[in-house]
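Protein chains: 2
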Amino acid sequence: MAKIGVLLSGCGVFDGAEIHEAVITLLALDRAGAETVCMAPNIDQYHVVNHLTQAVTKEKRNVLVESARIARGNIKDLKEVKATDLDGLIIPGGFGAAKNLSDFAFKGPEATVNPDVTRLLKEMTASKKPIGAICISPAPLAKALGDKKPEVTIGNDPGTAKAIEAMGGKHHACTVDMIHLDAKNNVVTTPAYMLGPGIKDVATGIEKLVAKVMDLAKKK
Amino acid sequence: MAKIGVLLSGCGVFDGAEIHEAVITLLALDRAGAETVCMAPNIDQYHVVNHLTQAVTKEKRNVLVESARIARGNIKDLKEVKATDLDGLIIPGGFGAAKNLSDFAFKGPEATVNPDVTRLLKEMTASKKPIGAICISPAPLAKALGDKKPEVTIGNDPGTAKAIEAMGGKHHACTVDMIHLDAKNNVVTTPAYMLGPGIKDVATGIEKLVAKVMDLAKKK
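Residue numbers (my numbering), protein chains in the order written: chain H, -7 to 212; chain Y, -7 to 212.
Simulated from the structure, these hints should not be mistaken for laboratory data. There may be inaccurate statements among the hints.
A pair counts as met if it fits within one copy or between any two copies, since identical chains are not told apart.
[Unchecked claim] Simulated pairs of lysine-lysine, DSSO-like, Cα-Cα distance not exceeding 27 Å:
{"hint": "1", "residue 1": "52", "residue 2": "210"}
{"hint": "2", "residue 1": "210", "residue 2": "200"}
{"hint": "3", "residue 1": "68", "residue 2": "192"}
{"hint": "4", "residue 1": "141", "residue 2": "50"}
{"hint": "5", "residue 1": "211", "residue 2": "99"}
{"hint": "6", "residue 1": "120", "residue 2": "52"}
{"hint": "7", "residue 1": "68", "residue 2": "52"}
{"hint": "8", "residue 1": "141", "residue 2": "200"}
{"hint": "9", "residue 1": "192", "residue 2": "204"}
{"hint": "10", "residue 1": "192", "residue 2": "176"}
{"hint": "11", "residue 1": "50", "residue 2": "176"}
{"hint": "12", "residue 1": "-5", "residue 2": "192"}
{"hint": "13", "residue 1": "50", "residue 2": "162"}
{"hint": "14", "residue 1": "140", "residue 2": "192"}
{"hint": "15", "residue 1": "74", "residue 2": "140"}
{"hint": "16", "residue 1": "154", "residue 2": "114"}
{"hint": "17", "residue 1": "154", "residue 2": "50"}
{"hint": "18", "residue 1": "154", "residue 2": "52"}
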C-alpha cells in the first residue's frame, strides 16, 4: 500500500489549506488504495481571516492544530516526517501555502519557504519520489526546488507565472481539468481554485493529479 | 436548476460540521447539477475543541463564521433562509449538529433544537421538499420533526437509536454504503462517520443520499 503524505497549511482558503482541495485529495487517495499521512508545521498561522467578511482578526491559531480539523485529528508534526516514511507527497492549495508554508503571498519571488517544507521537498526529489502540488502551492515548491528548475502550472495568471520563473521554475499554462507533469523531477501540478470556478471543476484536475502521483509512486 | 441548501454547524468534526461529509456533499451536488446554498446559524459555538489533542479550549468561535471556511465565504445566515428559497436541504454531520444546531450531545432525548433549524425543517416537510441528514444529524431532525414520526438511520449505535425513538423517530439500522428513505416525509439519511471507517466509505453513502435528494427535489 503506497503511503502518500498530504501537507496541510491550516483550515480555510484565506488563511490556511483550501478545504475542498484537501478533502478531494484525501478522498481520491483513499479510493486509489493509498494510506494517507496528513502533516502540517507546528507554527502559528501568519494571521486569521474571518471567512465571512474576509477581515483579518486579532485571533492567533496554530497551523498544525487547525489542519487537524481536516485530518479529523489524525495528523503528524511535519518536523517528524521524512521522505523515507513516504512514497509520495501532495500539497493542497489555499493561501496557507503562500502565507504559512512560505511567505510567497507577501514577498513574491523573494519569498522564503518554511525550512521543514524545503527539507521534505528536497528529500522527496533526491529520492525520486513524486510530489503533487495543487493551486498556489507550486509557487513555494518552485522556490524550494528552484535549482532543479521544476516545470509547474498554476493555471494562467501572468503575475504568478512570472514570479515562478523568477524563482527558477518553468511555468506552463493549463486548464483546471488538466495536470502538468514534470517527468524529470516527478512533479505533478494542477490549477484547481487558481482557476475554479466550482468544486466539480477543481475535482477533475485533482483526481488526475492523485492518479498520476499514485502511478509514479508505484513505479518508484 | 435545483437549489439545495446545505446546513453547516461549524468547521471540524469535534465542535462543528464534519468537514469530509460537508465537502463530499458539496461536490456531489455540483456534479448533479444543483445550485448549492450554504447556510449556518449566526450563534456562538457551544465550545471550541483542539482537534489535535481533543481538549476543550477557552476560545470563542461563531458557527456562521467558521462554517464560512467550508463554504469559501459564500454562505447565508440561516435566519434569512426559507423553504421557499430551496428545493431540498441537506445537513452534514459532525458534533456541531449535536452541540450547535441542538444540544443532543448533552441532553439526548431531552434535547432542544435551534429554533431556526426547527423552523426550516418544519417548512421543508410542510411543503413536501426533501431533507437529507448525514451521520448524527438525524438525531436533531428526529427531535424537530418528532410529530411526523420520521424514519431515519444513524447506523447501528443502540444508545443513539433508542434516543431517536424516544424523541418520536423510528430508527432503521443501515450500513455506511447505504441510505434509508422515509418516503412519507421525504427524509433521506446515511450513517457516514457514525460508522466510517474511512472517507471513501462515507462518500459512497453520501453520494447515494445526494442522488436521492436530487431525485425527490425534481419530482416535487
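How the hints compare with the structure:
| no. | hint | verdict |
| --- | --- | --- |
| 1 | 52 <-> 210 | neither (40 Å within a copy, 45 Å between copies) |
| 2 | 210 <-> 200 | within (15 Å within a copy, 31 Å between copies) |
| 3 | 68 <-> 192 | between (29 Å within a copy, 21 Å between copies) |
| 4 | 141 <-> 50 | neither (39 Å within a copy, 46 Å between copies) |
| 5 | 211 <-> 99 | neither (37 Å within a copy, 53 Å between copies) |
| 6 | 120 <-> 52 | neither (37 Å within a copy, 45 Å between copies) |
| 7 | 68 <-> 52 | both (20 Å within a copy, 25 Å between copies) |
| 8 | 141 <-> 200 | within (23 Å within a copy, 45 Å between copies) |
| 9 | 192 <-> 204 | both (19 Å within a copy, 19 Å between copies) |
| 10 | 192 <-> 176 | neither (30 Å within a copy, 32 Å between copies) |
| 11 | 50 <-> 176 | neither (44 Å within a copy, 49 Å between copies) |
| 12 | -5 <-> 192 | both (26 Å within a copy, 16 Å between copies) |
| 13 | 50 <-> 162 | neither (38 Å within a copy, 46 Å between copies) |
| 14 | 140 <-> 192 | neither (33 Å within a copy, 36 Å between copies) |
| 15 | 74 <-> 140 | within (20 Å within a copy, 55 Å between copies) |
| 16 | 154 <-> 114 | within (23 Å within a copy, 54 Å between copies) |
| 17 | 154 <-> 50 | neither (33 Å within a copy, 44 Å between copies) |
| 18 | 154 <-> 52 | neither (33 Å within a copy, 41 Å between copies) |
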